[in-house]
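Each residue of the sequence shown is one higher than the one before, starting from -15 at the first, in this note's numbering.
Computed beta-carbon distance windows for the label pairs:
hint, residue 1, residue 2, range
1, T40, D74, 15 to 21 Å
2, A105, S29, 26 to 32 Å
3, A91, A(-1), 32 to 38 Å
4, T96, A15, 22 to 28 Å
5, G(-3), P86, 26 to 32 Å
6, T76, P107, 28 to 34 Å
7, V(-7), G92, 40 to 46 Å
8, N58, A(-1), 23 to 29 Å
9, P60, V(-7), 36 to 42 Å
Simulated from the structure, these hints should not be mistaken for laboratory data. C-beta atoms are modelled at their ideal positions from N, C-alpha and C, and glycine is treated no differently.
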Amino acid sequence: MAKWANDTVMDTGLAVVATGTVLHVCTSQPADRAAAIAASLADVSMTPGAGNGDYTLANGDTSGRKLTVEQQTNVPVDATGNATHVAIIDGTNLLYVTTCTPQILTAGNTVTVPAWDIEIADPV
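All chains should be modelled from the sequences, with the hints used to inform the complete structure.
Okay, here's the thing in structure tokens:
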């Protein structure tokens, strides 16, 4: 018998990430919301909700579903350091963390965070 999941199952998990209100560029992998803020070199406010501008929900590239976190341009850099991770938080929780290409950011400059996807594949 084949395995199957309704798109709503995957969309619900991705929709939680899309409740994020701030994207942080961090110096390390944060373990919680407070650590994301403490490790932040740059941050930008996000409009929560898929389809509201900063998040797009769609079919996955090969199967399942994906949430695209849209590109964020000219994000002010608040502190100098080596960026290694990107974190999304809401008012209470650390929602998602991913790696980024390591690079030195300098306070007073800006950084662009390119668009990236979070994908949940169909069951196999």
